[in-house]
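S.K.: Residues per chain are reported as follows:
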Amino acid sequence: MNRILPVLTVVVALIVLWYLGAVAMNAQWTRDQAARAGQELSFTGIVADTLSQDRPKLPAPHQVAAELWQTTVQKSITSKRSLVYHGWVTLSATLLGFAIGTGAGILLAVGIVHNRAMDMSVMPWAIASQTIPILAIAPMIIVVLNSIGIQGVLPKAIISAYLSFFPVVVGMVKGLRSPDAMQLDLLKTYGASGGETFRKLRLPSSMPYLFTSLKVGIAASLVGAIVGELPTGAVRGLGARLLSGSYYGQTVQIWAALIAAAALAAALVGVVGLIQRATLKRMGMER
Amino acid sequence: MTEPVITAEKLDLTFQTNDGPVQALRDVNLTINKGDFVSFIGPSGCGKTTFLRVIAALEHPTGGHITVNGMTPDEARQSRAYGYVFQAAGLYPWRTIAGNIKLPLEIMGFPKAEQEERVKNVLQLVDLEGFGKKYPWQLSGGMQQRASIARALAFDADILLMDEPFGALDEIVRDHLNEQLLALWARTQKTIGFVTHSIPEAVYLSTKIVVMSPRPGRIADVIESPLPRERPLEIRDTPEFIAVAHRVREGLRAGHSYD
Chain A
1 MNRILPVLTV VVALIVLWYL GAVAMNAQWT RDQAARAGQE LSFTGIVADT
51 LSQDRPKLPA PHQVAAELWQ TTVQKSITSK RSLVYHGWVT LSATLLGFAI
101 GTGAGILLAV GIVHNRAMDM SVMPWAIASQ TIPILAIAPM IIVVLNSIGI
151 QGVLPKAIIS AYLSFFPVVV GMVKGLRSPD AMQLDLLKTY GASGGETFRK
201 LRLPSSMPYL FTSLKVGIAA SLVGAIVGEL PTGAVRGLGA RLLSGSYYGQ
251 TVQIWAALIA AAALAAALVG VVGLIQRATL KRMGMER
Chain Y
1 MTEPVITAEK LDLTFQTNDG PVQALRDVNL TINKGDFVSF IGPSGCGKTT
51 FLRVIAALEH PTGGHITVNG MTPDEARQSR AYGYVFQAAG LYPWRTIAGN
101 IKLPLEIMGF PKAEQEERVK NVLQLVDLEG FGKKYPWQLS GGMQQRASIA
151 RALAFDADIL LMDEPFGALD EIVRDHLNEQ LLALWARTQK TIGFVTHSIP
201 EAVYLSTKIV VMSPRPGRIA DVIESPLPRE RPLEIRDTPE FIAVAHRVRE
251 GLRAGHSYD
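Chains A and Y are the protein sequences, given in the same order.
Note that the UniProt record's numbering has the first sequence beginning at 1, numbered continuously upward.
Note that the UniProt record's numbering has the second sequence beginning at 1, numbered continuously upward.
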C-alpha cells in the first residue's frame, strides 16, 4: 500500500489535468458549432459536449479507454482494426530488432575492449550514428532494403536494431572494463589466457551493466519499430495506427495507439527487469 | 634449509611516466632462502610492492638480474612457483568461497575431483571449513582475506607472496590473522614474502626483515631476526623483540634523514 498510494495519487492528478485540458482545448469547437446553429450553451452543456466529440483536439481519458476496450477485447485478434493484431506486428519487429541490436552491440563491445584499433575507430562512429535523426534515416533503410528484395519485418527490425545497439555497446564496454587492475593481475599470476580472462572475469563482471543497457535498449527498439512503420505507407503495426489516425483526424485512435505502445514498452522493460533479477540472483550478485 | 629460492642482483627498475622517469628500485641485492619468512617494510614509494611484483613477473626490471627457483620470474610463474595475495581479498562476488578457490585450479587444468579435494584441504588450513558454499558478502573482511589466502595456497606453490594482506583490517583481527599465518607457515614450510607498513607486524612474523627507503627505492638494512620460530603473541613484550623493532625503526629513520 505504501508503494501504491503515491503512484495512484500521481495517476489521479494526471487524469484530472487531462480532463481539464480536454475541456479547455475542445471548448472552442463547441462554441463555434453552437454559434453557427444560433444556440446558447450553458456551462454544463459545454463541458458535456467537449468530452464526447467525435474528433476532439484532445480526447478525454474515458474516450481513449473505450476505444482501447473496443479495439482489443471486442475485436477478434485477426481483425485489421484490432490493436492486439497491430501490437503483435510491432512487437515481432521490436523483438527481432532487439535481438539483432543486442548481438551487434555485444560483439562491437568485445571488439572495442580487446582491439586497440577498434577502440579508437568504432566508438566515434557509434556515437555519430545516434546523432542522425532516426526519422531521416528510416525511409532510406526501407527503400534501400526494398530495392534488394528485402521486405516485411526485417527492414523494421533493422531500424529497431539501429537504435538499440548503442546503449548495449556503451554499457558492455563499461562492464567489460569494470574489473580493476588487481583482479586482472590476479589472473595474470595464474598464467590465464585472454580467453580465460574474458570468460571468467570480464563477462561475469559486465552482467549488471548489460542488463541496465538492455532495459534502455528494448525501449529504444520499440521506438525504432514504430518509426520504421511510418514510411511503409501505414499498413500494419502501432506506427501505422498512429499515422492513419493522423491522416483521418482520428485523435481517439492516435491516443489509443499511443497508450498501447506505452503499455507495451512498460511490459517489455518489466520482463527484462525480471530476467535481470533472476540472473543476478542465480549468480549470487543480488543480496 | 639454506637453499636460495629468490636471488636478486643489482636490480634496477625505472618507470616511464608522464612526469619523466621514476626510479622505483635501485641496486637491490637480496637472497631469500627456502623456508624464510621475509618482510619488506618501508614508507610509501620505497619500492617494496614493486619488488614483490618483480618476483611475481607483474613488473619487469630494467636492469640487473633476478631468479626465482633458479628460473626467470616468467618461467617461475609458468611452473606455478608462487601464490600471490593482494591487499584486498578480490573475491569474485558471483562465485562462492569454494568457487573462488577453484578459480586458479580451473585455469591450471586440475581434474574436477582433485579440485574438490584441494578446496577442502585449504579451507581447513585457513580455518574456514563449512564456509565453501557461502558467497563472499556473507563473510567478514578478515574471513574474506583468509579465503583469498586459501585461494593462493590451493595449487600448492612453494612461495607465498603477500602484499599488505592485512592492511585494511583492524588491529584485533590483524593480530589473530598474524598468529594463524605463523601457524600456517610452520605447517606448510613455505617461503613467504610479506609487504607491510607495520613494524610490530614485520618483527613478529619474520625471520628476515628488509628495511627499504624511498626515492629511489633501495634496501637500507637487512635484519636477520634472532627470535625463535615458535612465537606466541606475548613475545612482543620481550627485550629481544623490542631490540629488533628498535633497529627497524632506526633503519626507517636513516632512510628519511635527507628530507
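Hints listed in this document are in silico derivations from the structure and should not be mistaken for laboratory results.
Among the hints, erroneous ones may be present.
What the hints assert, rightly or not - Lysine-lysine pairs mimicking DSSO-like chemistry, simulated, CA-CA at most 27 Å apart:
id, chain 1, residue 1, chain 2, residue 2
1, Y, 134, Y, 120
2, Y, 120, A, 188
3, Y, 190, Y, 208
4, A, 215, A, 188
5, Y, 112, A, 188
6, Y, 10, A, 281
7, Y, 208, A, 281
8, A, 200, Y, 120
S.K.: Which numbered hints are broken by the structure, listed smallest first?
M.R.: When the structure is compared with the hints, numbers 4, 6, 7 turn out to be violated.
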